[in-house]
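Based on the sequences and whatever the hints tell you, model everything.
If you read the sequences in order, they're chains A and B.
Residue 311 in our numbering is what sits at position 283 of the first sequence, and the numbering runs on without skipping anything.
Residue 892 in our numbering is what sits at position 795 of the second sequence, and the numbering runs on without skipping anything.
Among the clues, some could well be false.
Unchecked claim - Interface residues of chain A toward chain B, partial, derived using beta-carbon atoms under 7 angstroms:
no.: 1; residue: His49
no.: 2; residue: Arg51
no.: 3; residue: Gln76
no.: 4; residue: Val84
no.: 5; residue: Pro132
no.: 6; residue: Thr133
no.: 7; residue: Val134
no.: 8; residue: Leu136
no.: 9; residue: Asn137
no.: 10; residue: Val146
no.: 11; residue: Pro147
no.: 12; residue: Phe150
no.: 13; residue: Pro153
no.: 14; residue: Arg301
no.: 15; residue: Val303
What the hints assert, rightly or not - Quick look at which bits of chain A chain B covers, simulated, 3 or more residues with Cβ under 8 angstroms:
no.: 16; stretch: 90-99
no.: 17; stretch: 291-299
As the list claims (entries may be wrong) - Label pairs and their computed distance ranges (CB to CB):
no.: 18; chain 1: A; residue 1: Ser315; chain 2: B; residue 2: Ala873; range: 49 to 59 angstroms
no.: 19; chain 1: B; residue 1: Gly211; chain 2: A; residue 2: Lys205; range: 37 to 47 angstroms
no.: 20; chain 1: A; residue 1: Ala124; chain 2: B; residue 2: Asn361; range: 54 to 64 angstroms
no.: 21; chain 1: B; residue 1: His465; chain 2: A; residue 2: Pro174; range: 42 to 52 angstroms
no.: 22; chain 1: A; residue 1: Ala124; chain 2: B; residue 2: Ser408; range: 43 to 53 angstroms
no.: 23; chain 1: B; residue 1: Gly211; chain 2: A; residue 2: Met29; range: 33 to 43 angstroms
no.: 24; chain 1: B; residue 1: Pro212; chain 2: A; residue 2: Lys205; range: 36 to 46 angstroms
no.: 25; chain 1: B; residue 1: Ser408; chain 2: A; residue 2: Lys205; range: 34 to 44 angstroms
no.: 26; chain 1: A; residue 1: Thr102; chain 2: B; residue 2: Asp662; range: 49 to 59 angstroms
no.: 27; chain 1: B; residue 1: Ala193; chain 2: A; residue 2: Glu126; range: 44 to 54 angstroms
no.: 28; chain 1: A; residue 1: Asp131; chain 2: B; residue 2: Asn522; range: 48 to 58 angstroms
Source of the hints: derived by calculation from the structure; they are not laboratory data.
Each residue gets a CB set at the ideal place from its N, CA and C atoms; glycine is no exception.
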Amino acid sequence: MKYRIVHTTNYEYESTISVSHNRVILTPRDGAWVRSLWHRLTVHPAPQWSVKRNDVFGNLVHVFGIEEGHSQLTVTAASQVEVRGQVLLAQVDSPAWESLVADPTVRLNGDHSDLEVVPFRFRSPRIEPGEKFAEYGRASFAVGRPILQAAAALNAQIYHDFKYDKDSTDAQTPIEKAFELKRGVCQDFAQIQVAVLRSLGLAARYVSGYLRTLPPPGKERLVGADQSHAWVSLYCGRELGWVDLDATNNTFCGLDHIPIAWGRDYSDVIPFRGVFLGDGRHKLEVSVDVCPME
Amino acid sequence: MQTRNLFEYVTRPEGSYDEMFDAEGHVRENWRPLQSELNRLGPLELQRRMQQADEQIANHGVTFNPYDLSEGASRPWSFDAVPVLYSAEQWRDIGAGLEQRARLMELILQDLFGPQDLLKSGIVPPYFLYAHPGYQPAYHGLARPGQPYLTLYAADLARDSSGKLWVTGDRTRAPFGLGYVLENRLIAANLFLDAFQACRVQRLASFFQALHRTLVAAAPQGNANPHIVVWTKGPGSRSFFEDAYLARYLGYTLVQTDDLAVRNNQLMLKTLGGLLPVDVLWRRVNDENCDPVELHSRTGGVAGLLEVLRSGNVAIVNGLGSRLVESPLLAVWLPRIAEYFSLGPLRLPTKPTWWCADENSFHWVMAHLNEVVILPAFRMGNVAPLYPADMSQAEKQALVHRIRSQPAAFVAQQKIERSTTPVWNGDHVKHWPLALRGFVLGSEGGHRTLQGGLARVAWKPQNLDQSPTSGEKCQDVWIQGHRSAPPTDAASSTAGPITLKRSGTELPSRVADSFFWLGRNIERAEFGARLMRIALQLLLNEREGILEGSRVLRALAESGQIEPDLIVPGMKETLPVLTSSLPRSLFSDDLPMGFRSSLDHVIRLSAGLRDRLSTDSWRIINRMDALCARRPASDLPDVADATELLDMLISIMSAFSGFVAENTTRTLGWRFLDLGRRIERAQQTVSFLEVMFGQTNQFGGLVIESALQVLDSLMTYRLRYLTTLHPVAACDLLLHDQSNPRSVAYQLDMIELHVSHLPSDPQQAEIRVDQRLAVAMKHSVRMTSPEKLMVTDDDQRPELQQLLQRLNDQLSELSQTVSSRYLVHAPLQRHFASLLAQHDSPRSDKSE
Chain A
29 MKYRIVHTTN YEYESTISVS HNRVILTPRD GAWVRSLWHR LTVHPAPQWS
79 VKRNDVFGNL VHVFGIEEGH SQLTVTAASQ VEVRGQVLLA QVDSPAWESL
129 VADPTVRLNG DHSDLEVVPF RFRSPRIEPG EKFAEYGRAS FAVGRPILQA
179 AAALNAQIYH DFKYDKDSTD AQTPIEKAFE LKRGVCQDFA QIQVAVLRSL
229 GLAARYVSGY LRTLPPPGKE RLVGADQSHA WVSLYCGREL GWVDLDATNN
279 TFCGLDHIPI AWGRDYSDVI PFRGVFLGDG RHKLEVSVDV CPME
Chain B
98 MQTRNLFEYV TRPEGSYDEM FDAEGHVREN WRPLQSELNR LGPLELQRRM
148 QQADEQIANH GVTFNPYDLS EGASRPWSFD AVPVLYSAEQ WRDIGAGLEQ
198 RARLMELILQ DLFGPQDLLK SGIVPPYFLY AHPGYQPAYH GLARPGQPYL
248 TLYAADLARD SSGKLWVTGD RTRAPFGLGY VLENRLIAAN LFLDAFQACR
298 VQRLASFFQA LHRTLVAAAP QGNANPHIVV WTKGPGSRSF FEDAYLARYL
348 GYTLVQTDDL AVRNNQLMLK TLGGLLPVDV LWRRVNDENC DPVELHSRTG
398 GVAGLLEVLR SGNVAIVNGL GSRLVESPLL AVWLPRIAEY FSLGPLRLPT
448 KPTWWCADEN SFHWVMAHLN EVVILPAFRM GNVAPLYPAD MSQAEKQALV
498 HRIRSQPAAF VAQQKIERST TPVWNGDHVK HWPLALRGFV LGSEGGHRTL
548 QGGLARVAWK PQNLDQSPTS GEKCQDVWIQ GHRSAPPTDA ASSTAGPITL
598 KRSGTELPSR VADSFFWLGR NIERAEFGAR LMRIALQLLL NEREGILEGS
648 RVLRALAESG QIEPDLIVPG MKETLPVLTS SLPRSLFSDD LPMGFRSSLD
698 HVIRLSAGLR DRLSTDSWRI INRMDALCAR RPASDLPDVA DATELLDMLI
748 SIMSAFSGFV AENTTRTLGW RFLDLGRRIE RAQQTVSFLE VMFGQTNQFG
798 GLVIESALQV LDSLMTYRLR YLTTLHPVAA CDLLLHDQSN PRSVAYQLDM
848 IELHVSHLPS DPQQAEIRVD QRLAVAMKHS VRMTSPEKLM VTDDDQRPEL
898 QQLLQRLNDQ LSELSQTVSS RYLVHAPLQR HFASLLAQHD SPRSDKSE
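Written out as structure tokens, the structure reads:
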């Protein structure tokens with residue numbers, strides 16, 4: 029499946045901003061089942077300087093500074109990607125989940141490839157693993173259960189236990205609160221899922237990306253009405269590698285999921301981070317359009 | 098002369114090691130010159146010299162504490178004159194051990210943020226890196242090839258009863274203490290000059306010269322004359338004194354976060370003249386507070402700094418991420434790591450350390466709780482170790498429970514034993530436990546130990562373990578040489594050419610701001626004191642109605658020096674109240690514009706300008722603070738005492754003005770200070786004149802006399818007009834006379850002069866708003882005549898009121914214009930609101 033994606037972020041400030049310094053992560057990244065075909069990031073007004081580089085997780089980061097007075101900032105990320113989708117994981121045999129648990133305090137025993145996995149076993153700025161998350165997860169992670177089955181069960185568990193509610197949390201809400209409320213949005217669900225998996229001793233990362241949404245039956249597709257999305261990636265051993273699951277939609281990621289970046293939690297992959305000098309009042313508009321190219 | 102052995106009273110605990118005496122109680126060979134000098138001087142002379150030293154410290158502004166009501170900002174220790182001595186051989190060994198550790202820590206950091214061989218080969222578990230609360234992914238890939246992480250490294254040492262030295266902690270972020278080492282030396286060397294020479298004490302200066310060379314070499318693009326700044330946390334922080342001291346000693350600019358900005362991927366210092374590039378950043382702030390855009394703690398920093406670092410456009414010392422190896426947990430693997438890097442066995446090992454996450458270690462620790470101290474595995478700040486041996490059974494159980502629930506978060510370290518060293522107690526020598534800090538400079542060329550150190554002493558050894566700044570006193574550390582070291586000059590002296598500079602516009606805007614408000618507040622305090630003095634004199638005068646008639650009370654209330662409700666009508670009854678409330682107002686915190694508040698501002702602002710004010714100015718500010726120390730209500734001065742106090746304060750403040758006038762170079766800093774003063778004096782005088790002369794009353798003569806007195810112009814007036822008190826003459830002298838340094842006209846002349854010297858944008862041809870205002874005010878006074886102004890209409894003087902009112906408004910406007918143009922150069926940084934909108938996606942229809 030090929031997509032053309034246009035993601036526009038528009039800031040309008042009430043007064044003129046003299047300087048702004050921004051760091052954006054808006055470029056879809058290649059993965060086992062995704063290939064980025066083309067990408068262009070446009071910034072208006074034109075920045076005085078910009079740098080492009082990969083962060084330690086391999087995500088593509090753009091940093092730029094605008095040092096002339098401006099009262100509007102528009103960043104447009106346009107991409108073309110090809111999604112092959114994950115293999116039909118529900119039917120795949122997988123090892124017992126316990127075989128993938130590692131005591132994080134123990135030294136590695138010469139297995140170098142583990143270094144790709146280990147950073148995702150630990151606490152991170154927004155995720156503090158703990159017994160309450162582990163306990164929640166044990167309902168799905170029964171003893172000896174194959175990891176894909178257990179992971180799918182946790183996906184369903186979160187899907188059923190948590191209510192999707194835009195107004196109950198915001199981007200700064202600690203996951204403990206969303207966990208208590210049993211409410212939130214995809215970001216909360218994904219971070220809670222990561223917390224549960226890490227608390228059980230597994231390696232899990234947070235993925236930000238796009239989700240193609242289908243128009244209601246009989247309606248035209250609305251341009252710009254798609255959304256950024258978030259899900260998790262779970263390490264399932266050398267053979268299966270990282271497997272992506274979307275608890276918000278109770279599914280393994282398929283042809284509709286387009287990853288942009290992954291990290292330990294939301295804070296590693298914040299799409300737009302910036303600091304500006306000037307009056308703080310501003311208006312923000314974001315539009316995402318995920319359009320199949322066939 | 099009779100000499101007495103000061104050391105005869107010594108009693109030493111059995112089985113401990115003393116730095117000065119051997120096990121048989123004999124003075125160690127290398128301490129003899131010091132012992133004989135101390136004995137020769139005798140207790141009285143020693144005590145006298147100690148007091149001298151204390152004064153010297155006070156004069157350095159060291160004891161000066163800008164936040165005496167808050168905690169922690171003051172000098173952490175008092176100074177003890179007796180130094181700690183190490184022979185050349187002893188220090189050679191210690192130095193070799195310190196350098197080995199510095200090298201080791203450097204290699205560990207390079208590996209953890211680089212190839213991670215230590216993790217891959219199973220020597221260090223990944224937990225050490227990734228579970229550290231200070232770990233940030235952004236630290237990977239920041240280091241520049243060839244640029245070490247640890248330009249400065251420090252280790253804390255303790256000696257056990259057998260004489261063996263152990264490391265109790267490593268400091269790798271921004272080791273504290275070098276400023277104090279310098280200052281201790283300055284004082285101790287002078288106190289015992291003979292012993293200092295006889296001991297052939299090694300100099301400190303060469304270390305700092307090497308540090309300077311290292312920082313210069315670190316500058317990007319081989320800039321031979323780089324701009325080096327010391328980035329301090331600010332005057333509220335514990336290390337501020339030291340930051341300022343080091344900056345001044347080495348000739349670097351002291352900056353705070355708000356002084357810095359990134360433009361075009363280059364680090365800049367905001368100055369009055371615009372933005373100046375910074376080449377080397379010696380940071381004293383925490384790693385995670387360096388860049389709010391890239392690092393996870395959103396507590397300040399310079400947006401974009403990390404990108405500048407990656408581009409190699411600035412060098413940072415010490416490298417970001419350095420603090421990770423301060424963790425006590427690292428000690429568990431240190432010997433194996435040293436072996437791995439082929440550095441041989443550790444010459445200075447850490448105290449044996451056990452990680453509670455390891456099962457065997459855990460059981461050992463539980464069985465030997467009384468022999469260990471418990472520490473957090475990761476060091477993020479100063480956390481005092483816990484001593485299970487000193488705990489009650491219940492406390493111990495609670496601790497065991499905590500460890501059991503989170504074993505990986507704790508390490509146990511063998512209890513620290515310490516040697517003792519002589520300390521002067523005012524009469525004889527006592528022996529206190531010692532903590533020694535050594536410093537190592539790391540550069541591309543290799544490592545080098547400071548020939549000296551910081552010694553902390555406390556009567557109770559555990560007081561030294563609490564934090565690197567705990568302990569009661571600090572001492573100088575003398576490293577003896579085989580030959581006396583040739584004296585060397587301080588900071589940097591190079592043979593190369595130097596570009597001569599005159600007052601620069603490179604003054605940071607924040608500094609200019611502090612100078613401006615320092616000027617305003619000193620003036621406000623002085624004006625308040627003068628008003629109050631006259632009020633008290635009138636209060637002592639028994640003639641009825643005189644105080645009320647003089648209007649001075651109203652002027653006091655008007656300028657915020659007293660509570661306004663003290664001037665209600667029917668003053669007669671309130672007179673007894675006034676005798677106690679007027680002196681009280683001097684010390685009152687509740688009056689935001691009052692004397693005490695102004696003085697507090699003076700103290701706070703001068704603290705921020707510590708590196709730019711002379712020692713003499715310091716002494717004066719210190720003395721004012723001491724005279725006006727807050728005191729209990731029972732201890733408030735009566736009217737007569739208060740008058741005396743005010744006399745003293747006013748002469749001290751005049752002395753400060755004198756120092757500033759005579760001893761400050763006419764740089765922009767001085768100009769802002771004086772501009773602040775002039776604006777404040779003009780404004781105070783203008784509103785004072787309005788209160789005094791805006792209306793007439795039957796006490797005309799008294800009002801004139803009081804006004805002349807407050808404005809320090811009575812003498813001049815008498816010389817001109819003898820005893821005739823005429824309002825027009827007074828108005829001329831106080832408002833129009835440009836030769837009277839207290840007149841409004843004089844202030845306006847000075848204001849115009851200062852404003853015309855402020856930096857201009859060369860591309861802007863038109864005259865600036867601040868200049869226009871200054872000229873307008875000057876002329877508006879000149880164009881009026883005293884006779885006309887003093888014309889009365891009923892009991893009002895409308896012309897005068899109008900002029901003064903307009904001047905008042907224009908002065909406020911000028912102050913604001915100057916502020917927004919030059920001073921508040923740094924509008925607040927704002928973060929984009931976090932974008933929830935980008936990350937909330939509804940459930941898609943199909944999966945329902």
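Evaluated hints:
Checking His49 of chain A against chain B by beta carbon gives a least distance of about 4 angstroms; that is within 7 angstroms, so the hint holds. With 7 angstroms as the threshold, the beta carbon of Arg51 of chain A comes within range of chain B, its nearest partner Cβ sitting at about 5 angstroms, so the hint holds. Interface hint at Gln76 of chain A: satisfied, since its Cβ lies 6 angstroms from the closest Cβ of chain B, which is below the 7 angstroms cut-off. The beta carbon of Val84 of chain A comes within 4 angstroms of a beta carbon in chain B, closer than 7 angstroms, and the hint placing it at the interface holds.
Contact between Pro132 of chain A and chain B, as hinted, is supported at the beta carbon level, the nearest pair being about 5 angstroms apart and thus within 7 angstroms. Annotation: Thr133 of chain A was flagged as interfacial toward chain B, and the flag holds, the nearest CB pair being 4 angstroms apart, inside 7 angstroms. Using the Cβ-Cβ criterion of 7 angstroms, the hint placing Val134 of chain A at the interface with chain B is satisfied: the shortest such distance is roughly 6 angstroms. Restraint check, Leu136 of chain A versus chain B: the minimum CB separation of about 5 angstroms is within 7 angstroms; hint holds.
Residue-level restraint check for Asn137 of chain A holds (minimum Cβ-Cβ distance to chain B is 6 angstroms; threshold 7 angstroms). Given hint, Val146 of chain A at the interface with chain B, holds; its Cβ is 4 angstroms from that chain's nearest Cβ, closer than 7 angstroms. With its C-beta approaching chain B no nearer than about 5 angstroms, Pro147 of chain A sits inside the 7 angstroms limit, and its interface hint holds. Interface restraint check for Phe150 of chain A: the shortest CB-CB distance to chain B comes to about 4 angstroms, inside 7 angstroms, so the restraint holds.
Satisfaction of the interface hint for Pro153 of chain A is found here, the shortest Cβ-Cβ separation to chain B being roughly 4 angstroms, below the 7 angstroms cut-off. Satisfaction of the interface hint for Arg301 of chain A is found here, the shortest Cβ-Cβ separation to chain B being roughly 5 angstroms, below the 7 angstroms cut-off. At a threshold of 7 angstroms, the smallest CB-CB gap from Val303 of chain A to chain B is about 4 angstroms, leaving the interface hint in force. Counting residues of the stretch 90-99 of chain A whose CB lies closer than 8 angstroms to any CB of chain B gives 3, which reaches the minimum of 3, so the coverage claim holds.
Taking a C-beta to C-beta cut-off of 8 angstroms, the stretch 291-299 of chain A contributes 7 residues in contact with chain B, enough for the three needed, and the coverage statement holds. Separation of Ser315 of chain A from Ala873 of chain B is about 53 angstroms and conforms to the stated range, judged on CB atoms against 49 to 59 angstroms. For the pair Gly211 of chain B and Lys205 of chain A, the supplied restraint of 37 to 47 angstroms holds, since their beta-carbon distance comes to about 38 angstroms. Separation of Ala124 of chain A from Asn361 of chain B is about 56 angstroms and conforms to the stated range, judged on CB atoms against 54 to 64 angstroms.
Range check, His465 of chain B to Pro174 of chain A: Cβ separation about 45 angstroms, and the 42 to 52 angstroms hint holds. At roughly 48 angstroms, the beta-carbon separation of Ala124 of chain A and Ser408 of chain B lies within the given 43 to 53 angstroms, and the hint holds. Gly211 of chain B and Met29 of chain A have their C-beta atoms about 39 angstroms apart, which keeps the hinted 33 to 43 angstroms range intact. Between Pro212 of chain B and Lys205 of chain A the Cβ separation comes to about 40 angstroms, which falls inside the hinted range of 36 to 46 angstroms.
Our hint of 34 to 44 angstroms for Ser408 of chain B and Lys205 of chain A holds, since their Cβ atoms are close to 39 angstroms apart. With their beta carbons about 58 angstroms apart, Thr102 of chain A and Asp662 of chain B fall inside the hinted range of 49 to 59 angstroms. A C-beta distance of roughly 50 angstroms is found between Ala193 of chain B and Glu126 of chain A, which places it inside the suggested range of 44 to 54 angstroms. Look at Asp131 of chain A against Asn522 of chain B: about 54 angstroms separates their beta carbons, and that is inside 48 to 58 angstroms.
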